[in-house]
Amino acid sequence: MANDGERSSRIKLLLVDDEEAYVRILAKRLTRRNFEVTTAFSGVAGIQAARKEDFDVAVLDLKMEDVDGIEVLKVFKRMAPDMEVIMLTGHGSEQAAREGIQFGAFDYLTKPCELEDLIVKINEASGKHRQSSE
Amino acid sequence: MNDDQNQHYYKSLTRRIIVTMVVVSVIPLLLISGTIRYFFQVSYQEKVQDHLKVLIKKHRQNIDTFLSEKLANIKELGESYTFEELSNEAVLAERLKVLQEVYGRSFVDLGVVDEQGIQIAYAGPFKLRLADYSKAAWFNAALHNETYISDVFPGKRGIPHFIVTVLNEHAGKKWILRATVDFDSFNSLVENLRMGETGFAFILNRKGELQTKPRTEIVASTEPYASFLASNDALGEDVLLTDMPSKSGQDVIYVLSRLKNGDWILAFQQTAEDAYSALYTARRIALIIFALGVLCIVAVAVVLTRRVVARIMSADREKQMLNERVIEAGKLASLGELAAGIAHEINNPVAVMVEEAGWIQDLLEEEDLKESKNLEEFKQSLKQIRLQGVRCKEITHKLLSFARKTDPRPRDVQLNELVDEVVNLCQQRARYATVKINTELDPQLPPVHASPTEMQQVIMNLINNSLDAIDGRGGVVEVKTSTQDDYVVLEVGDNGPGIPEAYLPRIFDPFFTTKPVGKGTGLGLSICYGIITKMGGKISVSSAIEVGTTFHIRIPING
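If you're matching them up, the sequences are chains E and Z in order.
Residue numbers for the first sequence follow my numbering, beginning at 80 and rising by one.
Residue numbers for the second sequence follow my numbering, beginning at 26 and rising by one.
Hints listed in this document are in silico derivations from the structure and should not be mistaken for laboratory results.
There could be a bad hint or two in this list.
With a straight-line cut-off of 30 Å between C-alpha atoms, the simulated DSSO-like cross-links for lysine-lysine are [said to hold, decoys possible]:
#1 E/K153 with E/K207
#2 Z/K152 with E/K142
#3 Z/K181 with Z/K344
#4 Z/K36 with Z/K398
#5 E/K107 with Z/K232
#6 Z/K78 with Z/K152
#7 Z/K36 with Z/K100
#8 Z/K540 with Z/K559
#9 E/K200 with Z/K72
#10 E/K107 with Z/K72
#11 Z/K152 with Z/K82
#12 Z/K272 with Z/K78
#13 E/K107 with E/K142
#14 Z/K199 with Z/K72
#15 Z/K461 with Z/K563
#16 Z/K559 with E/K107
#17 Z/K404 with E/K200
#18 Z/K198 with Z/K82
#19 Z/K408 with Z/K398
#20 Z/K198 with Z/K181
#21 Z/K404 with E/K107
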């Protein structure tokens, strides 16, 4: 975090999910894998976090108590069009995820997903993010 | 209890319908036939009575004509010949012969009687010359009337006869020309008047003595003769027709008319039953027809009502069964939703669990823990936790795949993948049923445009049906995909007991099931049928008893 090079090498992640236990453990594991992770435990908290800071990639649960994931996605895309969004959906709710892709989401994964799959997706998304940023 | 109530309800319904139908049909029939019967009877009786009256009048005329003719013959004879000529028996005999030649045997004899009642000349078969008639009733009457016709009497010869007389004068003295009229020829006039079995005619004189031989004995003192004889009113053309019961209780029709200026009565009688026999026959036939009609109405009402009520019963029963099945189907649907909800909720804790295990695995990588002697045990345990977590995930995925609120929108789907998924899902059940599921999938199969969830449901229903059909006896289920012309063909076959031919036309009907109540909704195949036909495909079945059943589905490739 000390120099620019390190900052640019670490991917800034925003995790948004109202299942706190899941977000916490995911954050721990991703941090250990050298991601800079910020967590938000509701749709509103996610939006507030995105307003304060810029992120490379957001991982967004589509099924949350307060705000529907798709609505959060729309806000994200308006606020920070450069931030790529990876959606998490329940199995059988792929329709919502496909809808999300139409609104500009990068891709989706069905929950529960393998950590390795998520990391692959995050790397793909940040690669795209870097390209579009340049 | 409920069944008893239903039985009672249907019985009373049957009774009510039958009674209504019979009453509604019989009452008009009764009114119409009663009216027709009454008017027909009245007019027919009038016709018969008129006919009898006319007949009697005609015969009265005939008899009157007969009598006056005889009288005229004698009168003419008396005027044409002198007393001297007629007193000559040879002349008299010759005249008799001529009369007999002209008028047949109706004239029996001729005689000339003087003022003292002595028959001075006679021609005829009897020896009555110089017979003394001064004491005879007719002689007195004849002496005071220009012409006279006597009543029938046996007279001197002892045979019933009557005489006609003409009064003449010769040289200041009266003489009488008399002729005997043959009784038989007169009697035949009346005797010919016969009707039916019991109708006959006869003649009575004023004293009620019979002037002809009636067929049965007549008691002239009984009604209505007595009153008719006693009265003097009905002279001339009048004919009296009355109808009263006889001694034997039968209704008898009497027709009475006066003859010979009221001296005689021409009577006719016939039993009503005989006179109106045609009417009574018609009445009997009508009664039989009416009875048969009522019988028919009752029979039709009973048969028709039973059929209608049976229909109503089966319709009611079907409705009840349908209700039960709809409730059952509804239950099943909500069960599916519940399962989907549970699967969704379980997903998050499982995900947390798996990630926590991953975190421990991450931490184990740190060097200071590597020294632990149980490190391998830790790793094994964590691997198991992750593995079981993955299994949970798979279970919830499968549950969700078949839950209701899934995406029914069609897209390009690879049928082979769906078949694999469903077969995997069914393997567990198949193992319990000792059924082997074989797949023979065409690797070149083009994708079809369909809703994956719906297609899954179709494949699932067909495989489940096959498993149900084999029902634990062990067997094989074959699932094949292939391409034929412009169609993708999916076949699901089993070597189960087969479907009876009688059921084949109905197996795609909603709510048709051969499974016991509560086991099948009867909706599976009809849902399959609906899904396949909606996407322009065809579903058919071929089945043979004890050989097996195969369902064929053809889906257009560019549908």
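Results for each hint:
1. The hinted pair formed by E/K153 and E/K207 meets the criterion: a straight-line CA distance of about 19 Å does not exceed 30 Å.
2. Between Z/K152 and E/K142 the CA atoms are separated by roughly 154 Å; this puts the pair beyond 30 Å, and the hint is violated.
3. The straight-line distance between the Cα atoms of Z/K181 and Z/K344 is roughly 106 Å, outside the 30 Å bound, and the hint therefore fails.
4. Between Z/K36 and Z/K398 the alpha-carbon distance is near 88 Å, which puts this suggested pair outside the 30 Å criterion.
5. A hinted pair counts as satisfied when its Cα atoms are at most 30 Å apart, and E/K107 with Z/K232 does not qualify at roughly 153 Å.
6. Our distance criterion of 30 Å between C-alpha atoms is broken by Z/K78 and Z/K152, whose separation comes to about 43 Å.
7. Taking the CA atoms of Z/K36 and Z/K100, the gap is about 92 Å. The hint is violated against a cut of 30 Å.
8. Straight-line distance between C-alpha atoms of Z/K540 and Z/K559 comes to about 26 Å, which keeps the hinted pair within the 30 Å bound.
9. Annotation: proposed proximity of E/K200 to Z/K72 is violated, straight-line Cα distance about 118 Å (limit 30 Å).
10. For a cut-off of 30 Å, the pair hint linking E/K107 to Z/K72 is broken: about 126 Å separates their Cα positions.
11. Simply put, Z/K152 and Z/K82 have alpha-carbon atoms about 39 Å apart, too far for the 30 Å limit, and the pair is violated.
12. Among the hinted pairs, Z/K272 with Z/K78 is consistent with the structure: their alpha-carbon atoms are about 24 Å apart, no more than 30 Å.
13. A C-alpha spacing of about 22 Å is found between E/K107 and E/K142, which places the hinted pair at or below 30 Å, so the restraint holds.
14. As the CA atoms of Z/K199 and Z/K72 are separated by approximately 52 Å, the hinted pair breaks the 30 Å bound.
15. The suggested pairing of Z/K461 with Z/K563 holds, with an alpha-carbon distance near 27 Å, which does not exceed 30 Å.
16. Restraint check: the Cα-Cα separation between Z/K559 and E/K107 comes to about 50 Å, which exceeds 30 Å; the hinted pair is violated.
17. Of the pairs offered as hints, the one joining Z/K404 and E/K200 holds, with about 27 Å between alpha carbons and a cut-off of 30 Å not exceeded.
18. A C-alpha spacing of about 40 Å is found between Z/K198 and Z/K82, which places the hinted pair above 30 Å, so the restraint is violated.
19. Distance restraint check for Z/K408 and Z/K398: the Cα-Cα separation of roughly 17 Å lies within the 30 Å cut-off, and the hinted pair is therefore satisfied.
20. With a C-alpha separation of about 25 Å, the suggested pairing of Z/K198 with Z/K181 holds against the 30 Å cut-off.
21. Note on Z/K404 and E/K107: the hinted pairing holds, with a Cα-Cα distance of about 19 Å set against a maximum of 30 Å.
Violation of the numbered hints given earlier is confined to hints 2, 3, 4, 5, 6, 7, 9, 10, 11, 14, 16 and 18; the remaining hints are satisfied by the structure.
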